[in-house]
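**Q** Residues per chain, in single letters:
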Amino acid sequence: MPRMSYREAIRAALRQALAADPRVFLMGEDVGRYGGAYAVSKGLLEEFGPERVRDTPLSESGFLGTGIGAALGGMRPIVEIMTVNFSLLALDQVVNNAATLRHMSGGQLSVPLVVRMATGGGRQLAAQHSHSLEGWYAHIPGIKVLTPATPQDARDMLPAALADPDPVFIFEHQLLYASEGEVDLEQPPARMGQALVRRRGSDVTLVAHGGSLPKALEAASELERAGIDAEVVDLRTLRPLDTETLCASVSRTHRAVLVDEGWKTGSFSAELAAILAERVFYELDAPIARVCSAEVPMPYAKHLEDAALPQAPAIVRAAKELLGRG
Amino acid sequence: MIETRERALELFEQMVLIRRFEEKCAEVYSAGKIRGFLHLYIGEEAIAVGAMAALSSDDNVVATYREHGHALARGLSATSVMAEMYGKATGCSRGRGGSMHLFSAAHRFYGGHAIVGGGLPVAVGLALADTLAARERITVCFFGDGAVDEGEFHESMNLSALWRVPVLFVCENNLYAMGTALERHESLPDLCVKPRAYGIPAENVDGMDLFAMEAAMRHAVAEVRRHRSPFFLEAKTYRFRAHSMYDAEAYRTRAEVAEWAEKRDPIALAAGELGRRGWLDDAALTRIEERIAREVAAACDAADAAPLEPVADLERDVYTPEAPCPG
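Sequence order for the protein chains is A and B. For the first sequence, the positions run 1 to 326 when the numbering used here is used. For the second sequence, the positions run 327 to 653 when the numbering used here is used.
Fair warning: there could be bad hints in the mix.
Said to hold, decoys possible - SDA-like, lysine to any residue: derived pairs with alpha carbons at most 25 Å apart:
no., chain 1, residue 1, chain 2, residue 2
1, B, Lys562, B, Trp586
2, B, Lys414, A, Gly107
3, B, Lys520, A, Asp55
4, B, Lys562, B, Arg590
5, B, Lys414, A, Asn96
6, B, Lys520, A, Leu89
7, A, Lys302, A, Pro214
8, B, Lys589, B, Asn530
9, B, Lys350, B, His433
10, B, Lys562, B, Asp475
11, B, Lys414, A, Leu109
12, B, Lys520, A, Pro57
13, B, Lys359, A, Gly107
14, B, Lys520, A, Leu58
15, A, Lys264, A, Leu284
16, A, Lys42, A, Glu29
17, B, Lys562, B, Arg346
18, B, Lys562, B, Ala584
19, A, Lys42, B, Leu488
20, B, Lys414, A, Ser110
21, A, Lys302, A, Phe86
22, A, Lys320, A, Leu196
Unchecked claim - What follows is a set of in silico ranges between Cβ atoms, one per label pair, in the way DEER data are often shown:
no., chain 1, residue 1, chain 2, residue 2, range
23, B, Arg578, A, Pro189, 55 to 63 Å
24, B, Ala638, A, Asp285, 35 to 43 Å
25, B, Arg522, A, Pro22, 29 to 37 Å
26, A, Leu304, B, Pro636, 52 to 60 Å
27, A, Pro188, B, Asp639, 28 to 36 Å
28, A, Pro313, B, Ala638, 43 to 51 Å
29, B, Glu529, A, Ala274, 53 to 61 Å
30, B, Met327, A, Gly74, 29 to 37 Å
31, A, Leu91, B, Glu339, 37 to 45 Å
To be verified - Calculated from the model, a selection of chain B residues having no Cβ within reach of chain A, i.e. all distances over 12 Å:
no., residue
32, Leu517
33, Arg552
34, Arg554
35, Ser555
36, Tyr572
37, Glu582
38, Gly598
39, Ala610
40, Ala624
Worth flagging that the hints you see were computed from the coordinates, not collected in a lab. Source: prediction; values computed, not measured. C-beta atoms are modelled at their ideal positions from N, C-alpha and C, and glycine is treated no differently.
Isolated chain A (complex conformation) (with noise of 0.2 Å):
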């Protein structure tokens, strides 16, 4: 299998999906010429030519709401967007049109279309480019939320996405592109609504997705020289959501960490917590713990950047007080 970075997984994907597909089409600010703000789609212009590689104005709710109806008109539109931080401006096309059109048609139409965007923080790129807000999007019932931690899910995700009938959302971490690893080009698509254990422990586990994964597994590795054995469970998709995985393995571990760079509150480790307090109360051992991000915009400074983003010391200590260790 070779081996290769995130970035260059999700290239493979979507040249893939540009080559099996004439309905496919990629859009967004910088695709084409630049190559992508994170150099993704590099190539693809000229390999695909600028009808199906398209630059576009930096008009977010204009062009995502341009893919929705590319999408209701037969094609399979992909539209990328910079940073999640400037889908905001396209919010309206993603709350009240792609995720209501089917059910507000009374399920005449839908609308086949994906969605990604860079997201989180770790860059220094301060309070307007490094927020994570795919909690947000898990809210919005009517589309899908994906959130590929690895470069094999980088990859499989979008085929998984570009098959699906409904919106799809794909999440992809900043500081994930340059990672690497080795990715099987043949895979079939990922299943949605499918969690991963990515290690397996008996002491505690760990719930991360997306960037946090990493950070996860680093703390797993520090656990297991403190003699804790932790499980680490990589959730993949927000919604849907696999809470079978999810409360599976907090009954094993009887103990969870929650892993989440939203901000705490109304975070997506919000929507966790209570899904184990509803799901699996009667087996945990100790209180539910959660490291997220401090509650405030996203500063500069490199030190105070970590400080605010969860990092892997916080979910050992977390972890410890857990099992009484702390």
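Got chain A; can you put chain B on it based on the hints?
**A** Just chain B, lined up with the frame of chain A:
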């Protein structure tokens, strides 16, 4: 041009149907059979009727929340639209949409959009799909003067002109964005200057005149089909009723409304023109009114008798059934 008596009467009847249908809606709203928001199109009927008359059944239509007239003129049955207003299972959106969200895939009628300006990017996308698939179809997008202030209007003007997609923007300028008069919400009240700034040809027409509206639409549609690029048509009109059923109309005088209704009622104007051409007399008008009264009454009876959607199906159609569901 509306050249034959038969065609002229057909369109006239559509206008009368929309008028009587909506008068009935207001009546049953007061009786509590229709709830939520109800935005009446009364006074603006010539636009939807004249516009749809110039389209082929294969074209796409995107409309606003004041779209009963567009739906009926597009060919949705009075029965299916009334049932939707009643929130019944036989409604054109199966009771999920109501007055503001009428849909019919079979008529390529893409709603029913109640976020002002939100339908424009969708229309641009429908037109882009037709460009990419090399289809002949065009997309017509209706919106009001209030939408012209929205960012999505300007983004859609720019995108459609930049990418040259076959979309016809029809702005129904009824002089008020809800309760805010045109000169109080537009820095430049001549709406046509805005699309022209993006390189989109723009014309205006008297939206109270069915014949003028049909002719202007026919020209606009031909331009979009010929050039496969956008066109903007401003139809000048006036809303005779309140914005919705909750509007006390503090922003305009009764005298202003009365003057429009007396002098510029599109149905009276069309009836006058038909009379001058010798195509309509009092007896024929009575027959039309009677036939439409029966159609509207039948729509209400059918809506009354229609079943409600089962509550068990509440969460149906949030996602396409074949796909995995969340939870």
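**Q** Report the numbers of all earlier hints that the structure fails to satisfy, in ascending order.
**A** Per hint list: zero violations.
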